[in-house]
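A.B. asks: Sequence:
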Amino acid sequence: MNCMICQAQLNTSPYCPKCGCNVTAQKKAVALSNLYYNQGLEKAQIRDLSGAITCLKRSLKMNKCNIQARNLLGLVYFETGEVVAALSEWVISKNIMPDGNVASDYINKLQSNANRLDTINTSIKKYNQCLAYCRTGNLDMAKMQLKKVLTSNPKLIKGYHLLSLIYIKEGAYEKARKQLKIAAKIDKTNTTTLRFLREVDDQTGRMTSLEPRFKAKEKNRQEKDGRVIYNSGNDTIIQPPEYRERTVTNTLINLIIGLLVGASALWFLIVPAKTQKINNEANKKIVEYSDKVATQAAEIDRMQQEIDASSQSVNTANEQIAQANTKSESYDNLIKAWQAYNGGNYQNAANALESVDASLLSVDAKSMYDKIMSEIGETVKAAYKSAGITAYENQDYATAIENLLKAQEIGDPDYDSMFYLAQSYQKSGDNENAIVWYQKIIDAFPGTSYASDAKDYMTAIGGTPAGTSAGQDGGGDGSQAPADEGQPQEDTGDQPDEGQEDGGGEDSMDPGTGDENQDDNNGDDNSGDEGDGQGSWEDTEEE
1 MNCMICQAQL NTSPYCPKCG CNVTAQKKAV ALSNLYYNQG LEKAQIRDLS
51 GAITCLKRSL KMNKCNIQAR NLLGLVYFET GEVVAALSEW VISKNIMPDG
101 NVASDYINKL QSNANRLDTI NTSIKKYNQC LAYCRTGNLD MAKMQLKKVL
151 TSNPKLIKGY HLLSLIYIKE GAYEKARKQL KIAAKIDKTN TTTLRFLREV
201 DDQTGRMTSL EPRFKAKEKN RQEKDGRVIY NSGNDTIIQP PEYRERTVTN
251 TLINLIIGLL VGASALWFLI VPAKTQKINN EANKKIVEYS DKVATQAAEI
301 DRMQQEIDAS SQSVNTANEQ IAQANTKSES YDNLIKAWQA YNGGNYQNAA
351 NALESVDASL LSVDAKSMYD KIMSEIGETV KAAYKSAGIT AYENQDYATA
401 IENLLKAQEI GDPDYDSMFY LAQSYQKSGD NENAIVWYQK IIDAFPGTSY
451 ASDAKDYMTA IGGTPAGTSA GQDGGGDGSQ APADEGQPQE DTGDQPDEGQ
501 EDGGGEDSMD PGTGDENQDD NNGDDNSGDE GDGQGSWEDT EEE
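Under our numbering, the first residue of the sequence shown is numbered 1, with each subsequent residue one higher.
There could be a bad hint or two in this list.
Claimed, not checked - Cut-off 30 Å, straight-line C-alpha distance, at most; resulting in silico cross-link-like pairs (DSS-like, lysine-lysine): (1) K284 - K336; (2) K125 - K143; (3) K427 - K366; (4) K94 - K175; (5) K155 - K175; (6) K28 - K57.
Quick caveat, the hints were computed from the structure, so don't treat them as lab data. Keep in mind that this is a model prediction, so the values were computed, not measured.
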């Protein structure tokens with residue numbers, strides 16, 4: 001035995017002679033492993049395979065490097081028909097001790113017979129198919145397949161268990177008893193075998209004897225005057241002398257005649273009838289199974305169609321419910337907005353209108369919505385605009401884009417919303433939409449510093465200004481669009497996304513930042529009417 005730490009050879013001392021480690025527990029574990037191995041060997045010798053498997057597993061639990069226990073466990077598995085488990089144990093044993101290991105001989109012997117290995121693999125696959133047949137209720141197919149499995153792999157105890165279980169379910173208890181007795185010859189103490197036998201005994205009222213029907217007779221032949229004397233148990237049996245023909249020729253002739261008569265009777269009487277019966281039964285089974293398969297296939301198709309139709313109906317109903325809920329919510333908010341509007345509370349009316357989807361309203365409701373919107377549209381627009389600018393300042397560009405787009409959809413577009421929308425797209429990485437909105441600023445405010453700065457931003461992100469006048473290049477002179485020129489054009493549509501960081505310093509177009517284009521202290525303001533607020537720096541500062 002070697003130390004598990006330094007691999008040094010151990011002696012009778014409880015400590016390792018090399019590293020000084022206490023190896024008492026290791027020695028006890030090895031001793032227990034050997035004890036369980038000896039118990040497993042004794043049980044295997046009397047064909048108590050289940051008990052042997054339990055003892056050998058305990059032995060390997062104590063010492064996984066116990067090669068003899070692992071090899072014996074593989075042999076026991078092989079004896080019970082578990083070839084895959086046996087190969088697994090032998091492969092592990094070979095990896096632990098590659099040289100001088102009998103497991104290598106076991107593996108080579110099994111792999112050298114390819115036909116035998118293929119037969120075992122096929123039997124395992126068929127056994128799994130039998131389990132599937134039993135789960136689906138095809139007991140006849142399972143029985144036929146199991147008989148083939150047990151013919152090719154007669155040591156597969158699980159096959160006998162499954163076949164006997166089918167017989168028990170069908171009430172054929174004697175057939176089940178027969179299969180269980182065969183399994184008991186392979187493994188005498190298998191708990192599943194004994195449990196099934198107890199069930200058969202309870203149903204039939206007769207105990208099953210696992211001993212041979214006729215015990216071997218203990219014979220002591222003593223010929224006295226032609227008599228044969230032998231002992232059977234505690235009894236002495238004396239057979240009288242028998243008359244035997246002394247001529248060998250007569251015996252041979254009688255034997256040949258009997259064989260000829262038996263072969264003739266078998267050929268002319270039994271074989272044709274047996275063959276015809278087998279063929280008729282096979283044809284009936286084929287027709288029966290074909291009808292069953294066709295019926296099941298049609299039933300499956302019908303049920304699948306019903307499932308698809310039900311799923312489609314559920315999806316349609318869910319969509320209608322969601323649309324109805326949205327429509328109901330829009331009407332509720334419209335009523336709240338109308339009540340607030342009639343009460344003179346325009347701010348509450350504006351808040352309620354934000355949740356109204358005008359596309360879902362009827363003609364009368366749409367007229368009411370348009371009337372309220374015509375009165376308080378600027379309030380709603382200002383709310384969206386303020387929310388968008390706040391989100392922009394908090395670097396929440398997706399929310400800024402959403403609110404600024406809503407602000408653009410209400411009334412006439414204004415410069416502040418357009419500029420912050422373009423900046424939001426740019427800083428969120430969507431340069432394509434940023435270029436679109438810079439171009440809208442250029443088109444809406446031609447010849448102004450707004451257009452000139454928008455052109456600079458567009459050029460910085462790779463855009464090319466189009467359709468601008470000569471006066472656009474003169475930006476930065478501090479002039480703003482007059483009232484008739486600064487009125488933004490109609491919105492052409494936009495796509496919200498995300499953008500990049502803009503340039504800082506003097507090129508920044510953020511309103512309210514103290515840019516040289518702002519004319520707060522100039523008495524000659526060219527931005528149009530004081531109440532307009534579109535494209536003016538004063539509106540931005542108020543917001």
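A.B. asks: Compare the structure with each hint and give your call.
C.D. replies: Structure-based check of all given hints:
As the CA atoms of K284 and K336 are separated by approximately 77 Å, the hinted pair breaks the 30 Å bound. Note on K125 and K143: the hinted pairing holds, with a Cα-Cα distance of about 15 Å set against a maximum of 30 Å. Of the supplied pair hints, the one linking K427 and K366 is violated, its CA atoms being roughly 37 Å apart against a limit of 30 Å. Between K94 and K175 the CA atoms are separated by roughly 42 Å; this puts the pair beyond 30 Å, and the hint is violated.
Taking the CA atoms of K155 and K175, the gap is near 18 Å; set against the 30 Å cutoff, the hint holds. Taking the CA atoms of K28 and K57, the gap is about 17 Å. The hint holds against a cut of 30 Å.
Going down the numbered hints, you'll see the structure goes against 1, 3 and 4, while the others check out.
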